[in-house]
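The residues making up each chain are set out below.
Number of protein chains: 2
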Amino acid sequence: MTDQDLTQADIVRLAIEREIFGGQLAPGDALEEGRLASRFGVSRTPVREAITQLAQAGLITKRAHKRAVVAQLDPGTMLELFEALAELEGAAVFLSTSRLSEAEKRALKDIHEAAAENLRSNGDPNEYADLGVAFHQRIVRGCHNTALIDTTEWLALRVLPYRRFQVVAPGRLQRNQTDHDAIISAIFAGDAEAAREEIRRHTLEQGDALMRFIALNKTSHADFHPNGLIKEQPL
Amino acid sequence: MTDQDLTQADIVRLAIEREIFGGQLAPGDALEEGRLASRFGVSRTPVREAITQLAQAGLITKRAHKRAVVAQLDPGTMLELFEALAELEGAAVFLSTSRLSEAEKRALKDIHEAAAENLRSNGDPNEYADLGVAFHQRIVRGCHNTALIDTTEWLALRVLPYRRFQVVAPGRLQRNQTDHDAIISAIFAGDAEAAREEIRRHTLEQGDALMRFIALNKTSHADFHPNGLIKEQPL
DNA sequence: CATGTATTTAGTGTATGCAATGTATGTAAA
DNA sequence: TTTACATACATTGCATACACTAAATACATG
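If you read the sequences in order, they're chains A and B.
End of the first sequence = 553 in my numbering, gap-free, step of one.
End of the second sequence = 553 in my numbering, gap-free, step of one.
Just so you know, the hints here were simulated from the structure itself, not pulled from any lab data.
There's no promise every hint is true.
[As the list claims (entries may be wrong)] Some, not all, of what chain B presents toward chain A, calculated at C-beta under 10 Å:
id: 1; residue: Q371
id: 2; residue: R438
id: 3; residue: G441
[Stated by the list, open to error] Chain B regions said to be covered by chain A (calculated; three or more residues, Cβ under 8 Å):
id: 4; region: 393-400
id: 5; region: 522-530
All values derive from a computational prediction rather than experimental measurement.
All residues carry an ideal CB built from backbone N, CA and C; glycine is no exception.
Construct the complete structure from the given sequences, taking the supplied hints into account.
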């Protein structure tokens, strides 16, 4: 029971996922079945399955007879993703506003206040980023519609590595917190339309900020990989 | 060049997809790798890949060491899908309202009027259903956001067979046409919020109508498979 | 007869080998 | 030198064989 029916393919997939989100695997990097197989001490078969799944999830791209590569988001695609995500999160919060239980509301507020405390005390920006992700996730899951949740999280997954970028932009954190304030207020006031508008603008703004950042720091791809950057430019 | 780099796994996946949408494979049916392999004249390996992809896409469900089965749409899940779809279509039309080109608007109006003509002349209900699908598709694609379009169409695909059901419910067609009227009016008036509200209510109502229909005609699963039903109960 | 325990069996998970395809390297001609 | 082509190498796609799991059946036992 210790491994809840995790197949080798699952293990490999999770490992690759971690490396992508962790930054060890940057967008554009090639995934070669053979090497991965020997690295994880399994055969190529489960590695292939893992890659297939990740490709279906959009995290890596794959064409016949060519090596799979970690999905690279060109600016246009990324902007589209953020726009779509803004709409989906808007839809979710529209429903969540009237569906969040008291416990869920409390949990949401707790996260929000932990983030505020982190800002006040100049805490770890990575922790703040995690709280931000959790904040959005709680709101989305609060709509209690599995289809909508899955769809939204699927999109969120694709921009997740880039989304954490905002922590490097000066003033973004404070602005982020203010936005979250407004969202929470609308939710607690029961104003679904306002909540939708707030989160739409907020997520769109995140995308815009990220685009501006990329435009300003026109560097090689590897250089602007989130985690690397966070390490190099701690706040 | 005739086969644009379609791998065996792709071929099998597409074939299974067609059979699911076509009704040869009903929800709940088990997919056994071995039989499929021999049926398609390939080994189990590409079949496994196809199944993995379909599972990731949500069309079939799969647990370790158990046979994969075509995803069941129980009433609850279906209601969730319609609700999520209503939100996504709402988001799309919200954007489309300000983004549709004149040509796209004209095409949309043409479809709408063809549907009206079909109703007036008591035309083929299946043709009307097709026009309805096209109507929604045009609106969604008008948002010009690939990510949002793909996401929405993916959900729409899952309920597509069921959605056509409405043609069997008396009075639904006229109501459907009235809804579309309202949507078009809002779009041409440039009122994005109104358009969003109209299509949300419209798609939700489609889901509700379908649920009522299923509740009234409590039959075995196979009996209410769309294609079969439409054939058996032509208007 | 009920119940718990071997045993069988159907079906999935993984490893390995080979063929097909893509990629890089070297050589000859312009 | 550059370009076209041929050849060698690297890597993926697929088939086959085997291992493992889980469920069903047969059997023994109270």
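Status of the hints after comparison with the structure:
Hint on Q371 of chain B holds. Least Cβ distance to chain A is approximately 5 Å, under the 10 Å limit. The criterion of a C-beta within 10 Å of any C-beta in chain A is not met by R438 of chain B, whose closest approach is roughly 35 Å, and the hint is violated. About 33 Å separates the beta-carbon of G441 of chain B from the nearest beta-carbon of chain A, more than 10 Å, and the hint is not met. Only residues whose beta carbon comes within less than 8 Å of a beta carbon in chain A count, and the region 393-400 of chain B has 3; three or more means the coverage holds.
Counting residues of the region 522-530 of chain B whose beta carbon lies closer than 8 Å to any beta carbon of chain A gives 0, which falls short of the minimum of three for the stated coverage.
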